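Chain residues, written in single-letter form:
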Amino acid sequence: MTNNILLNILLLAPLTSALLIFLLNISRRYTKQTLYTLLALSGSGLSAMIALYISYTSYFEQKLFVSNLFTWLNIGDFTIEVTLKADALSSFMLLFVAPVSFLIHIYATGYMDKDKSYGRFFTYFNLFIFFMFLLVLADNPIIMFVGWEGVGLISYLLIGFYFDDIQNTYAGNKAFIVNRVGDFGFLSALMLLFVEIGHGGFSYDAIFFNLSLIDTPMLSLIALLLFVGAMGKSAQLPLFVWLPDAMAGPTPVSALIHAATMVTAGIYMVARFAPLYNIASDVSLFIAYIGGLSALFAAIVATRQYDIKKILAYSTISQLGFMFMALGVGAYSTALFHMFTHAFFKGLLFMGAGAIIVAFGHKQDIRELRGIRRSVPTIFIMMLIGSLTISAIPPLSAFFSKDAIMGILYASDHLDLFFIALLSSLFTVFYMFRMIFVLFFSENTTEPSKNSVKSMNYPMAILTLLSVFAGMLNLPEIFGGNLMMSSWLDLADKHFVFSHANEIFLMSVNTILICFILYYAYKRYAYKDTILKESTTGLVANKFYIDALYQLIIVKPLYALSFFFDRKISHDLIDTSINSMALNYKKLGKLFAFFENGNVRFYALYMLIGLVLGFIYLFLLLKAML
Amino acid sequence: MLKAYMILSIILFSIGVIGLISRRNIIVIYMSIELLLNAVNLSLIAISGDIGNASGHVMSLMIIAIAASEAALFMSLFVVLFRKKGSLDANIFDILGNKDD
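Protein sequences, first through last, are from chains A and B. In this text, residue positions in the first sequence follow numbering that gives the first Met the number 0: the first is 0, and each later residue adds one. In this text, residue positions in the second sequence follow numbering that gives the first Met the number 0: the first is 0, and each later residue adds one.
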C-alpha cells in the first residue's frame with residue numbers, strides 16, 4: 000500500500016509543483032524568484048529521493064512497485080488501465096533520470112537567474128520530469144506514448160523558449176515536426192499491435208506473452224515502425240536533424256532533455272520491447288547499422304563544428320548511435336549501461352558549456368573563447384574530466400560502458416560494426432579534445448564578464464564524481480566485478496562468448512589508439528591557431544549537406560505546394576469566386592432597391608402588372624379547359 | 000346592351016388606373032380611385048339588371064356609401080398631409096422606402 004503511494008508521489012510531485020508555479024506565473028502578481036526556486040526544487044527533489052529509494056529497493060530486494068491509478072478506457076472487453084509499474088528496467092531509468100533532473104534543476108536556478116521567464120521555465124522543466132516519469136513508469140505502450148508525446152511537447156516548448164528570436168521558434172518547429180515522423184512510426188506500430196493481439200490485453204506482459212501469435216513479416220514491420228519512433232526521439236540517421244538545432248534552447252534544457260534523458264527514450268523503448276526485437280532479428284541488425292552510421296556520421300561532423308553546444312549535440316547523436324549498435328546486436332543491458340554513464344558525463348559537459356556561456360556573456364563559438372583556462376579553472380577541471388570520460392579513458396565510467404559495447408560488437412561477429420564503432424570512438428576523442436584544447440590550451444583572447452555561480456558549480460561537481468565512478472555499477476568480470484547491473488535488469492540479452500584475453504587485448508589497443516589521437520589533437524590544436532584556418536566549405540563542414548538535402552527534397556516542395564494551394568487554390572479560386580458572388584448579389588440588390596422606392600404609385604403599378612399576369616394566366620387556363 | 004355598359008366600364012376603369020399610376024397630385028389620385036369604384040359600380044349594376052337579380056344593386060349601393068365615407072377620410076388626410084410637407088405631390092411621400100441610399 001505504501002509502495003503505491005510512493006510511486007504516486009514520485010509521479011505527481013513534479014506535476015504539482017509545475018501546476019503551482021504555473022498558477023503563480025499566470026497570476027501576474029509579483030512573485031519572488033526564491034519561491035519559484037523552492038517549488039521547483041521541492042518537486043524534483045522529492046521525486047529524486049523517492050526514485051533513489053525505489054531503485055535501491057528494486058536493486059537489493061528485487062521488489063516490484065505497482066500502482067493502479069484508474070481505468071482510462073473501457074470498451075467492450077478492452078481496457079486501458081493507467082498503471083504505474085516500476086520493474087527493474089523502470090527503476091534503472093529512475094535511478095539516473097530523477098537525480099540528474101534534480102541536479103540540473105539546481106544548476107538551472109543559477110543559469111536562469113534573473114531571467115524574466117523564470118517561472119515559465121520551471122513550469123516546463125517540472126512538467127518535463129512528470130512526462131518522463133510517465134514514459135518510464137507506464138506499464139502499457141499507450142500510457143508510454145502519452146509520456147512520449149508529453150516530453151516531445153516540452154522539448155518543443157523549451158527549444159523555442161526565447162521565442163522573441165524567430166530562429167529559436169523555427170528550431171522548435173523543426174524538432175516537433177521531425178519528431179512527428181518518428182511518432183507516426185510509433186503510433187502505427189501500436190495500432191498494428193492492437194489489431195494483431197489487442198484482444199489479449201495491452202500491458203507489456205500481455206503483449207510479450209502473445210507475441211508468438213503474430214506472423215513473422217508483421218512482427219518485423221511492427222519492430223521496424225517502433226524503431227522509426229526511436230529514431231525520431233533519439234535523433235538517429237536520418238531523423239537526427241532536429242537535435243543540433245535544438246541547442247537553441249537554454250543550456251539546462253540541452254543538458255537535461257537533449258542529452259541526458261529525453262533522447263534516451265528511444266533506447267529505453269527498444270530495450271523495453273527486447274522480446275520483440277529478439278524475434279525480429281533482421282530489424283535488430285538494421286538498428287545496429289543505423290546506430291553505427293549515426294555514430295560515425297555525427298562524430299565526423301562534430302570535428303568541424305564551432306559552437307560548443309553543437310559539438311556536444313553531435314556527440315550526443317554519436318553516443319546514442321553506440322547504444323543502438325549494442326541494442327541491435329542484442330546486448331540490451333550493455334546499451335542501457337552506456338546510456339546510464341552517458342547521462343552523467345554528457346549532462347556534465349553541457350553544464351560546463353553552459354557555465355562557460357554564462358561566464359562569457361553568451362558567446363558559444365569556440366573560436367572566440369580560446370584560452371580561458373585561467374579564468375574558469377573549476378569549469379576547466381570538470382570539463383576535462385567529462386571529456387576524458389566520453390573518450391573512454393580508463394578507469395572513468397565510459398571506459399567500462401563503451402568498451403563493453405565494443406567487446407560485444409567484436410564478439411557478435413559483426414566486425415564491420417566493430418570497426419565503425421572503433422572509428423567513431425577515435426573521432427569522439429578527436430573532436431572532444433579539439434574543443435578542450437581550443438577552449439583551454441590556447442592564447443587567451445577573452446575575459447569573463449561574470450564570475451561563476453555556486454548553484455551551477457555544485458551540481459557539476461556531483462556529476463563529475465558520478466561520471467568518474469558510475470562505471471562501478473556494472474564492472475566486467477576481468478576487473479573483479481560481476482556485471483551487477485545486467486543481472487539486476489534481467490533483460491533478454493543475447494550472450495556472446497568472449498575470452499578475457501581478447502577483451503584485455505581490445506581494451507589495451509583501444510586505449511593506446513585513444514591516447515595517440517589525444518596526442519595528435521594536442522599537437523594540432525593546443526597553443527596554435529589551426530582552428531581559425533579551417534575552411535568552412537567542404538563536405539564535413541556542411542554536415543554532408545543533409546540539412547540542405549532535406550531542405551531541397553522535402554521542405555521546398557512542401558512549401559511550394561502550400562504556396563500553390565494558398566495562392567492559387569485558396570486565394571485565386573475560392574476567395575475570388577466567393578467575392579464575385581457577393582459582389583453580384585450587391586448589384587442585384589441595388590437593382591431591386593430601385594423598384595422598392597417607397598412611392599405608393601409604383602406599388603400600385605406592380606400590383607396592376609401582377610393582376611394582369613394573373614388574369615392572362617386564368618384566361619389561358621380557361622381556354623385550355625374549354 | 001350589356002356589352003356597351005361593360006365597354007364603358009372597362010374604359011372608365013382603365014382611365015382610373017392610368018390616372019392612379021401616372022398622376023402625382025394626391026387629389027387627382029383620389030379622383031382616379033373614385034373613378035375605379037364607379038367603373039365597378041357600373042358593371043355590377045349592368046350585370047345585375049341583365050340577369051334580373053337585385054343583389055348587384057345592393058352591392059353598388061353599399062359601395063357608394065363606403066365611397067362617401069372614404070371621401071370624408073381622404074379630405075382630412077389631404078389636410079394633414081399638406082400641413083406636414085406643404086405640398087400634395089405623391090413623390091414626396093415615399094417614407095415607405097429606405098431613405099439611406
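Please note that a few of the clues may not be correct.
Looking from chain A toward chain B, a few residues come up when the C-beta cut is under 7 Å (computed) [claimed, not checked]: (1) Pro216; (2) Ser486; (3) Lys522; (4) Ala603.
Calculated pairs, DSBU-like style, for lysine-lysine (alpha carbon to alpha carbon, straight line, at most 30 Å) [what the hints assert, rightly or not]: (5) A:Lys113 to A:Lys622; (6) B:Lys2 to A:Lys622; (7) B:Lys2 to A:Lys589.
In short, the hints are calculated from the structure, not lab data. Quantities reported herein were computed from a predicted structural model and do not represent experimental measurements. Don't be surprised by glycine CBs; every beta carbon is placed ideally from N, CA and C.
Evaluated hints:
Interface restraint check: A:Pro216 against chain B, minimum CB-CB distance 74 Å, threshold 7 Å, status violated. Because the closest C-beta pair between A:Ser486 and chain B is about 90 Å apart, greater than 7 Å, the hint is violated. For A:Lys522, the suggested interface contact is broken, since its CB lies about 89 Å from the closest CB of chain B, more than 7 Å. This hint holds: A:Ala603 has a C-beta 5 Å from the nearest C-beta of chain B, less than the 7 Å allowed.
Between the alpha carbons of A:Lys113 and A:Lys622 the distance comes to roughly 97 Å, so the proposed pair goes past 30 Å and is violated. Proposed proximity of B:Lys2 and A:Lys622 is supported: the alpha carbons are some 21 Å apart, at most 30 Å. For the suggested pair B:Lys2 and A:Lys589, the alpha carbons sit about 46 Å apart, so the restraint of at most 30 Å is broken.
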